[in-house]
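*Asks:* Given chain Y, put chain D in place with the hints provided.
Okay, here's what each chain looks like letter by letter:
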Amino acid sequence: MARKRRRSHTIAGELNLTAMIDVAFQLLAFFIITTKPVDVVTNLDVFRPSPEKQSQDQSPAKIIRVTVFPDGFTINDRGVDSRQLTSLLGRLAELDTTQTVLIQCLNASPHGKLIELLDICSKLKLTNLSVVSSGGA
Amino acid sequence: MRKQREEEYLSGNLTAMIDVVFQLIIFFVATVNMQDKAYDDRITLAMAPNGKVDDKKDPRQVAVDIDSKGTIMICKTPLSSGLLTTILKKARADSRGYDVPVLIRADTLTKHEAVKKVMDACTAAGIWKIKFTALKERSG
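The listed protein sequences derive, respectively, from chains Y and D.
Sequential numbering of the first sequence, starting at 1, is according to the numbering used here.
Sequential numbering of the second sequence, starting at 1, is according to the numbering used here.
Hints in this document: simulated from the structure, not taken from any laboratory.
Incorrect hints may have been included.
What the hints assert, rightly or not - Subject to a maximum C-alpha distance of 30 Å in a straight line, what follows is the list of computed BS3-like cross-link-like pairs (lysine-lysine):
| id | chain 1 | residue 1 | chain 2 | residue 2 |
| --- | --- | --- | --- | --- |
| 1 | D | 117 | D | 129 |
| 2 | D | 76 | D | 57 |
| 3 | D | 56 | Y | 36 |
| 4 | Y | 62 | D | 52 |
| 5 | D | 52 | Y | 123 |
| 6 | Y | 125 | D | 111 |
| 7 | D | 57 | Y | 125 |
| 8 | D | 69 | D | 129 |
| 9 | Y | 125 | D | 131 |
| 10 | D | 136 | Y | 36 |
| 11 | Y | 123 | D | 111 |
| 12 | D | 116 | D | 89 |
| 13 | Y | 123 | D | 116 |
| 14 | D | 131 | Y | 36 |
| 15 | D | 90 | D | 117 |
| 16 | D | 76 | Y | 125 |
| 17 | D | 52 | Y | 36 |
| 18 | D | 57 | Y | 36 |
| 19 | D | 111 | D | 131 |
So here's chain Y without its partners, still in its complex pose (with noise of 0.2 Å):
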């Protein structure tokens, strides 16, 4: 009896860990494995012209138009590919961000393209965006 009670008193104070360590390497394990990387998303911002703003147009001068068509773009009705459009918006940007980028889209475009050129509208910071859409193919 009093051998047991000595064996008892050593064990005092201590705490079995080998079944929580387990438990929590298999958590540990488990969540490694399902956890999949997130992709950083961004969120581009435009505006839709309103009727109310159409009144008191801004001078023609002042807004770039940009139609985004299926297979390219053109820029002030001139037809360009995406490298010549960024350089030439890039020049347009030099001049004022604030100006009004006017995008006109088809309804036959990918996404792809309105997002392609709102990127480099986003890269070369310029933040007046207006989004149309026009019917014909």
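*Replies:* Relative to the frame of chain Y, chain D by itself:
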């Protein structure tokens, strides 16, 4: 007898506490990313590496998903443009005239026609500011 009481004092039973702690951990891990679950995974976002990341999330924000076939969805529920207009009008009325941020998450291959429907619904609801979601960085 005194010795035994001392032992009991030293070896407090932690099992219940550890159980509760694990329960809490599992609860928070399971509930923390509910917002992301509302987005449709089948939508492949277009890349926009130059866009800026805004960390603050507006609780009034309405996220509209558009898949590559042009189906308009909110929280994976397909909607007609009429219903979307009603929802956006309600959201605007609830925010007492303040701007309701509308987030359009469209697939890179979506025809602009479908995006136009959502933008027209926003215009009909009196919302002029729209955000397009794109990928800044693809993971892995």
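*Asks:* Does each hint hold? Answer for all of them.
*Replies:* Each hint tested on the structure:
A C-alpha spacing of about 15 Å is found between residue 117(D) and residue 129(D), which places the hinted pair at or below 30 Å, so the restraint holds. With a C-alpha separation of about 20 Å, the suggested pairing of residue 76(D) with residue 57(D) holds against the 30 Å cut-off. With a C-alpha separation of about 22 Å, the suggested pairing of residue 56(D) with residue 36(Y) holds against the 30 Å cut-off. A threshold of 30 Å between alpha carbons decides the hint, and for residue 62(Y) with residue 52(D) the separation of about 25 Å falls inside it, so the pair holds.
Annotation: proposed proximity of residue 52(D) to residue 123(Y) holds, straight-line Cα distance about 9 Å (limit 30 Å). Restraint check for residue 125(Y) and residue 111(D): the C-alpha separation of about 26 Å stays at or below 30 Å, so the hint holds. As the CA atoms of residue 57(D) and residue 125(Y) are separated by approximately 22 Å, the hinted pair is consistent with the 30 Å bound. Simply put, residue 69(D) and residue 129(D) have alpha-carbon atoms about 25 Å apart, close enough for the 30 Å limit, and the pair holds.
Simply put, residue 125(Y) and residue 131(D) have alpha-carbon atoms about 16 Å apart, close enough for the 30 Å limit, and the pair holds. Pair hint residue 136(D) plus residue 36(Y) holds up; C-alpha atoms about 17 Å apart against a cutoff of 30 Å. With a CA separation close to 24 Å, the supplied pair residue 123(Y) and residue 111(D) stays within the 30 Å bound. Our distance criterion of 30 Å between C-alpha atoms is met by residue 116(D) and residue 89(D), whose separation comes to about 17 Å.
For the proposed pair residue 123(Y) and residue 116(D), the alpha carbon gap of about 24 Å is at most 30 Å, so the pair holds. This hinted pair checks out: residue 131(D) and residue 36(Y) have alpha carbons roughly 26 Å apart, not beyond 30 Å. About 18 Å separates the Cα atoms of residue 90(D) and residue 117(D), which keeps this hinted pair within 30 Å; it holds. At roughly 34 Å between alpha-carbon atoms, residue 76(D) and residue 125(Y) are farther apart than 30 Å, so this suggested pair is violated.
For the given pair, residue 52(D) sits about 23 Å from residue 36(Y) by alpha-carbon distance, which is consistent with the 30 Å threshold. Distance check on the hinted pair: residue 57(D) and residue 36(Y) sit about 21 Å apart at the alpha-carbon level, within 30 Å; holds. At roughly 17 Å between alpha-carbon atoms, residue 111(D) and residue 131(D) fall within 30 Å of each other, so this suggested pair holds.
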